[in-house]
Structures are given as structure tokens and as C-alpha cells.
Amino acid sequence: MNIVLIQVVLIVVVIAVAAQLFRSRGERSQALRRIGLVLFAAIAVISILFPNVWNRVATLVGVGRGTDVVLYALVVAFLSFAGTTYIRFRDMEGRYTRLARRIALDEAELRNRPTESSES
Amino acid sequence: MSYDDVWVVVPLYNEGPVIGGVVQEVRATFAHVVCIDDGSSDDSAAAAEAAGAVVVRHPVNLGQGAALQTGFEYALSVPSMRWVVTFDADGQHQVSDVLAMLELAGSDDLDVVFGSRFLDDRTEAGFLKGLVLKAAVGYTNLTTGTRLTDAHNGLRVMSRDVVSRVDITQNRMAHASELVQQIGHLGIRYGESPVHILYTDYSRSKGQSLWNAVNILADLILR
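Here the protein sequences line up with chains A and B, keeping their order.
Residues 1 to 120 in the working numbering are what the first sequence lists, from first letter to last.
Residues 1001 to 1223 in the working numbering are what the second sequence lists, from first letter to last.
So that you can see chain B by itself, here it is in the shape it has in the complex:
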């Protein structure tokens, strides 16, 4: 099966040690990878480019939400694009999960498939992290009218139509909730698919602190 109409959008910020491997692994299945280098100070952009990704460089650091929106706009400039996959640069996502999500989108006629860590028990989040993530999804469901089990997962599959209709304005971490909210308002068919997040030592050392939950909440309330 060819995935020539799929574009994998990878927000990239200082992931030099791993990004080359991540891009190579994704490109073994998906030909089109666009990395949005969000003003990295290391060799991330060069490593991604060497591995075969298209690299779009933000002249200054803007945040992950801004990088995703740039990636969407780049993907929309490619006429043959039908699907966008959002994928993290730190190697915690699996290509096999993306294949399952694309299959679900096709078989159930969905416009968006969100990855969820909580549909099966493969992902080992710590107790406190699990609690905060549950609280986050509870808040998101409450304020957006959606029914999801995991709102802050970076792995998503979106149709071209949806990508063209969303507009992320939350530059930093609150973009995940904002995206869920906008998709909820579109009134399109969405679903969830179980994904396995690999919490490696590397991703743990780079992972966001739980303090960020407070910042996300403030960004959402003061929207």
C-alpha cells in the first residue's frame, strides 16, 4: 500500500540526537515528512534534512502549537495531500500506530483520529502524570463538548478538509486542547485509536514538567 497522499508533520525543537532516526523510521513507510524546525539551537534541522525530511525553519522560536500550524499550512500547499499525521520528534510514537489510525479513518469514514494512551494498558505513565492527563482530558471534554479519553496526545490523523479548517492560535502547549475544541465545533466524524507511547529515558528527560499543566490551564482560561 502506498501512502503518497499522507504528510507526516513533525514539530522539531532541539531533538538533534534522535530526529535523524525518527525521520528515517517514518520515511520507511511514509515518503512525505515535513519537520518544522522551531528555531532549534542544535543541528536538528540539518539532521532531519539529511534523513530526507522537508524542513521548514521558523526564524525564531514560536512554540509547538505554532510549529504545527506552520506544518499544516505547508502540507496544504501540496495539492496531492489527503491526510496529515502529527507526530512527535522525540521518538515516543510508533509508525504501526499511525497505520492502524489511517486504517480506522478509512474503514469508519472518519475525518480525524486521535491517538489515545488510555484505550489499552501498553503505555506506562507515572501515577501523577496519569492523574494530570486524566484531569486535562476531563476539563477538555467539559469545555469542548467532545468525548475523548486522551486530549494531549501528539499523535493524530486529520483529513485535508479538517486541516484546512482549523487554525491553531495557541502557540505553546495549550494547542492540543484548542485543536480538540476546534474539531469539536466542526461537527465532523472523529474517533480514537489506541497508541503506545514509549517513555524512554531520552523523552523523559525532555518531557514537559507537570507544572506546565498550570500554564496550559491559564492559557485556556485567558484565551
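Chain A on its own, in the form it takes in the complex:
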């Protein structure tokens, strides 16, 4: 039954990350992403210096080996990366659409104004 704990933890984290990424944007989420990145780097350094840390974490949460914990963490990290990238691309598309629309409307006005004024 040891495996249940890690399953619960991972499911909660995955759902929380997904919900967070699909809702929030702006300063707070950007700050959280940066904190996450710093933590990621710190943990990477620690695990390089003390490879056994992961084995201890693994026994703590009920997973067999340290490598499994790292794999699970990677899955979560990748999911959050995919989520943020999706949102950033979508926001960028929105801006780019408004820009293209402005160009299209301005150009149409330039092209159509002379004929309209000569008709009236």
C-alpha cells in the first residue's frame, strides 16, 4: 500500500498544476514560474552533489527507487511546460491577430476611400 501515497501526491500535483496553468496568467504566474525554475536548479545541484537524496525521498513517499521519483517529477515538470507554452502561444496569437486585423482594415480604408468619395 506504500505506492498509494505517491499516487495521491502526483495526481493532486498534476491536477493542481494543470488547473493553475489553464487559469492564471500575469505577474503572479510568471513569478511562480521563475521561483519554480530556481527551485528546479537548486534541486538539480543538490541531487548531483548527493545522489542518495532521491533514494531517501523515495522511501519517504513510498516509491521503490530514487530514479522513479525523478521520473515522476519530470512528468509534472513537462506537463507544466506544455501548459504554459500553450497559453503563451495562444496569447501571442491573439496579439498577432489584432495586429494583422489593424493592417487589413487600414489598408482597406486606404483602397476604398477614394472611390467612395468620388461616388458621393
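These are calculated hints, taken from the structure and not from any lab test.
Be careful, since some hints might not be right.
Stated by the list, open to error - One side of the interface only, derived from the structure: several residues of chain B facing chain A at Cβ under 10 Å:
1) A1028
2) T1029
3) D1037
4) R1057
5) A1066
6) V1166
Stated by the list, open to error - If the Cβ cut is set under 10 Å, some of the chain B residues that face chain A in the computed set are:
7) I1036
8) G1039
9) V1054
10) V1055
11) H1058
12) V1060
13) G1063
14) L1119
15) T1169
Glycine included, C-beta positions come from ideal geometry on N, C-alpha and C.
The hints should help you fit chain B onto chain A, whose structure is shown.
What follows is chain B alone, placed relative to chain A:
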């Protein structure tokens, strides 16, 4: 009867072979047609212009939803505009249906009239397409609180007030549901009118694949 206050908005993407005929047919009744050329690689824009439409050119391809919103904004720049009609470029819509929709809007004092393929049995959609369209309208009704029989029909009549208050952000195909949702939120009077969609060999060959239903659903959920 003059329809000088009606603007027909036609999103246009690579419909060169038919757009000239479509614009001519619409202009026999409605003087004002604006085609939004969504970065076509063929001669669509020139053909539409030759047939007498105003053409607004997207510098790059953005999608049908984006083209509609551009058309709305163009129409709003014309002070005399009272009604916008959204009309497909591939020739599957009928001008006679638009006249019936405008009449219904006038007689029942409606701000929006949606065209529906399922109010009578003139339109022959395939079984699977019919099923997907029914599922789509079921989902739209469920999530938007509206009561419609056909949510993904390109033929609509909208008043100036409504056009100025909607803002399509779904660039691709999910815009139809988005529009229904926004109109539902406005709390204005809307109705439906039966329309006949002509599934010609041409429109069938250009029609969207049913796989697109999956993409639309994903766009709507990840909104």
C-alpha cells in the same frame, strides 16, 4: 425594398472558382458585400473585387473566426449599417433564406437570427455529419444556456448593437460556438430561421472533415 443598411460579411479563403458568382448573386439583392480575404493563395480577392465586393485583405492567414471579426469591425466603420449578415463564400447559402431571416428579425423584433439546417428537411446532411452537428449543438446548448437547433451554421443575421458587443477570439472553427455563447450572455432576443444548405460537389470537396469536431471541442475546453 431596399437593403442599403445591410452588410453581407463573407469570410473568404481560396474560393477562387466560385466567389465571383456568389458575390454577384448576393449583390443582386444586397448592395453591400465585404469579403475578408484570409490570405488566399489563389485569385479569390481579385475575383470578389471584380464582382463588386469590398475586399479587406488579411496579410496572413488567421482563420475563419478572425475573418468574421475583421468583417464585423469593417461593417461597424460604416455609420449607415444596421444589420450584418454572415454568409459563406462557397455558395452553399441562399439569398432567399437571408431575406426570410431579415423579415423574421423585423416582424419578431429580434436582434439575432441564426440559420438552422434542422428546422425543416430541405438540407441533406450525411448521417455521420448530421450526428456530429447534433452533438455539437447539444454541447453548445449545454454550455451556453441557449436553445438552438443548429449552432454551427455560417448563415446569421445580427443587429448593429450585437455586432458591436461581440468579440470573436477563437480564430479557427470554434468561433461559431463562441459567438452563440457571447450572444447568449448578452441577454438579447434571438431566433432561428430554417435555411437550406446546398451541399454541392464543390462545397463537399472543400468542406471540413469531421476530425475538426475534435479540434473544435479541444479549443472550447481549453479556452
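Results of checking the hints against the structure:
| no. | hint | verdict |
| --- | --- | --- |
| 1 | A1028 | 19 Å, violated |
| 2 | T1029 | 20 Å, violated |
| 3 | D1037 | 9 Å, holds |
| 4 | R1057 | 6 Å, holds |
| 5 | A1066 | 5 Å, holds |
| 6 | V1166 | 15 Å, violated |
| 7 | I1036 | 7 Å, holds |
| 8 | G1039 | 9 Å, holds |
| 9 | V1054 | 6 Å, holds |
| 10 | V1055 | 7 Å, holds |
| 11 | H1058 | 5 Å, holds |
| 12 | V1060 | 6 Å, holds |
| 13 | G1063 | 8 Å, holds |
| 14 | L1119 | 33 Å, violated |
| 15 | T1169 | 6 Å, holds |
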